[in-house]
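Keeping the supplied structure of chain A fixed, place chain B upon it in accordance with the hints.
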Amino acid sequence: MGLHTEKNLPVKAAPSKSAVWRKRVRDNKFAYMLMVPTIIFMLLVHLLPMIQGFWMSFLKLNQFTLGKYLKAPFVGMDNYIGLLFNSDNPVRQGLNFAIRNTVIYSVIVTIGVMIMGLMMALLMNRDFPGRSIARTAMLLPWVVPSYVVGVLWGFMWQQNGIINYFLVDVLHLFDEKPFWLLGPNTIWAIIIPTIWRGWPFLMVIFLAGLQTIPEDIYEAATIDGAGKLRQFWNMTLPMLKPVIAVQLLFQIINNVYSYNIVSTMFGNGAGYPGEWGDLLMTALTRQSFGYWSFGSGSAASIMLMFAMLMVVGVWYRAFRSELNAQ
Amino acid sequence: MSTHRKRSVSSFMLTSLTWVIVILTIFPILWMIFTSLHSNDQILNGITTFSLPKPQWVNYINMWDTVNFAVYFRNSLLICGATTLLAGSFAVLAGYALARFDFPGSKLFSMSIISTQLIPGIMFLFPIYLMFLWIKNTFGLPMINTYWGMILVYTAFYTPISIWIMRSFFVSIPRDLEESATIDGCSKFQAFYKIILPLSLPGIIATGIFIFLTAWDELLFAWVLTTSSDVQTIPVGIRLFVGQYNTRYDLLMAASTVVTVPVMVIFFMTQKYFISGMTAGAVKG
Numbered sequence: 001m002g003l004h005t006e007k008n009l010p011v012k013a014a015p016s017k018s019a020v021w022r023k024r025v026r027d028n029k030f031a032y033m034l035m036v037p038t039i040i041f042m043l044l045v046h047l048l049p050m051i052q053g054f055w056m057s058f059l060k061l062n063q064f065t066l067g068k069y070l071k072a073p074f075v076g077m078d079n080y081i082g083l084l085f086n087s088d089n090p091v092r093q094g095l096n097f098a099i100r101n102t103v104i105y106s107v108i109v110t111i112g113v114m115i116m117g118l119m120m121a122l123l124m125n126r127d128f129p130g131r132s133i134a135r136t137a138m139l140l141p142w143v144v145p146s147y148v149v150g151v152l153w154g155f156m157w158q159q160n161g162i163i164n165y166f167l168v169d170v171l172h173l174f175d176e177k178p179f180w181l182l183g184p185n186t187i188w189a190i191i192i193p194t195i196w197r198g199w200p201f202l203m204v205i206f207l208a209g210l211q212t213i214p215e216d217i218y219e220a221a222t223i224d225g226a227g228k229l230r231q232f233w234n235m236t237l238p239m240l241k242p243v244i245a246v247q248l249l250f251q252i253i254n255n256v257y258s259y260n261i262v263s264t265m266f267g268n269g270a271g272y273p274g275e276w277g278d279l280l281m282t283a284l285t286r287q288s289f290g291y292w293s294f295g296s297g298s299a300a301s302i303m304l305m306f307a308m309l310m311v312v313g314v315w316y317r318a319f320r321s322e323l324n325a326q
Numbered sequence: 001m002s003t004h005r006k007r008s009v010s011s012f013m014l015t016s017l018t019w020v021i022v023i024l025t026i027f028p029i030l031w032m033i034f035t036s037l038h039s040n041d042q043i044l045n046g047i048t049t050f051s052l053p054k055p056q057w058v059n060y061i062n063m064w065d066t067v068n069f070a071v072y073f074r075n076s077l078l079i080c081g082a083t084t085l086l087a088g089s090f091a092v093l094a095g096y097a098l099a100r101f102d103f104p105g106s107k108l109f110s111m112s113i114i115s116t117q118l119i120p121g122i123m124f125l126f127p128i129y130l131m132f133l134w135i136k137n138t139f140g141l142p143m144i145n146t147y148w149g150m151i152l153v154y155t156a157f158y159t160p161i162s163i164w165i166m167r168s169f170f171v172s173i174p175r176d177l178e179e180s181a182t183i184d185g186c187s188k189f190q191a192f193y194k195i196i197l198p199l200s201l202p203g204i205i206a207t208g209i210f211i212f213l214t215a216w217d218e219l220l221f222a223w224v225l226t227t228s229s230d231v232q233t234i235p236v237g238i239r240l241f242v243g244q245y246n247t248r249y250d251l252l253m254a255a256s257t258v259v260t261v262p263v264m265v266i267f268f269m270t271q272k273y274f275i276s277g278m279t280a281g282a283v284k285g
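Chains A and B supply the protein sequences, listed in that same order. For the first sequence, the UniProt record's numbering gives the first residue as 1, with consecutive numbering after it. For the second sequence, the UniProt record's numbering gives the first residue as 1, with consecutive numbering after it.
Here chain A stands alone, though its shape is the one from the complex (with noise of 0.2 Å):
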């Protein structure tokens, strides 16, 4: 998962730019033959759904339409109009919240797994008794199908689940007994598992990341008066930075584009999650083909494709110095 930036091999002096690439092209021939089957699937199912996906956004998609799709009325930019400005269009109906709640849950739990990941990375590289068996268990949740969190989850925050039992019964944090699935608590109850279920993945990473560090820097800073914190805030994080710097990519891309969780934590995204509960990606799925609006659903993908394309683009100049270093 390593975002390596190889350097180029040093092209000697040549006679005509065309003749050097013909002769790199000649010279790679088996790295070409290697990469031949990824590239027609690739061709396949990336790029000609992409170019499809591109065109539909600019047509006018229903169930009248859809028989011949490629043939649907051409309307230009009407989809993004109206799903920028017009209230009455489907796709668009409760995507405000979708919107929202989007961005609330992936931060949260970008931040919740990067915290909870390498606190958890820190305390797991001590040496301490039972620790292969703690490591083993901790990497349990990473395995659980992301469909049976939602299902899980979605039992145990019941009212009368063992949540709730333990907050009021055990712990009497609240009078009554609160509603997990319902009003404004559900961003909860889905950001929760999802950071459960993610922290697990990022502790393996810190981990090693961690067990590159040498040993002895730590003893010249302990030596020189350094307490564990400023060990910690001036080595630790930035030698981790790179390895943050990639997961922490990966990590928004996962959580805004996230389904699963939302989908059967709430009859399987056929239902409305509620206001709280409805990502993006339950939203367009459940109005699109509710309203059989592909070209409204394609025009929303494409600007949601073009605003993490800039989240990526912030990412890059935050990280640039680290990623080039490498």
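A couple of the hints might just be wrong.
[Unchecked claim] Subject to a maximum C-alpha distance of 27 Å in a straight line, what follows is the list of computed DSS-like cross-link-like pairs (lysine-lysine): (1) B:188 with A:29; (2) A:29 with A:17; (3) B:272 with A:241; (4) B:107 with A:68; (5) A:23 with B:136; (6) B:107 with B:188; (7) A:228 with A:241; (8) B:136 with A:71; (9) B:136 with A:60; (10) A:29 with B:272.
These aren't lab readings, by the way, just hints derived from the structure by calculation. On a predicted model such as this, the values are computed, not experimentally measured, just so you know.
Using the frame of chain A, we list chain B on its own:
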């Protein structure tokens, strides 16, 4: 003496904290298994006791018949297994090419692999759904509700990320190995096949597990591209335990346990490879 004691006290505190977190973390999984051994009435009334006098093992028998769960299980195994084999082999080949050769177009290819991760799956969903309908109407070749349709889609989706994992792994193997093999008279392909492939087994296993677990987890495409229970996968089938009028939580939890425990067992048998494979490239950034 006193600093030594202070250190051991704080060490004890940290160890206890670690174990508390570990137990809290695995609690939901234990709760799932514990719940699956209750009757539905007990579950609906709310379970608040941690003792289990009469385990309802019968749930694990009933879950197979009530919704024909064995078929979903078989479908998932078939589709995910085939996807793992296909996407895994593409990833090995392409990952090696990207790790070792600087061919014209390699930069563009690396970029497009990364960018596929940025595209929301839903953007592929509509075109692929319509494309499958079109293939059916034009060539009479069914794509929706077929194994190969699902395998095709999954293979394409999990290949790019798997290429990245494989590539990071190949980069961590020293280049000299192939060089000395070529000096000894191996062709490029022989060097790859005889020297590098066996060495990269941990990476291949890691990638394979990653693909399998991701495919095992997929819901959105499975839900749209399959409508017949003959090819539907577990995530689609498991919802049948949730009825409009009554939800069979006992069977739901038993089924959840059944789909989780096997992947856990496979994962823990191979976790040594998985961790070394996943982290080989990840920690280098």
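Next on the checklist: Run through the hints listed earlier and report the numbers of any the structure violates, in increasing order.
Outcome noted: Of the numbered hints, 4, 5, 10 do not hold.
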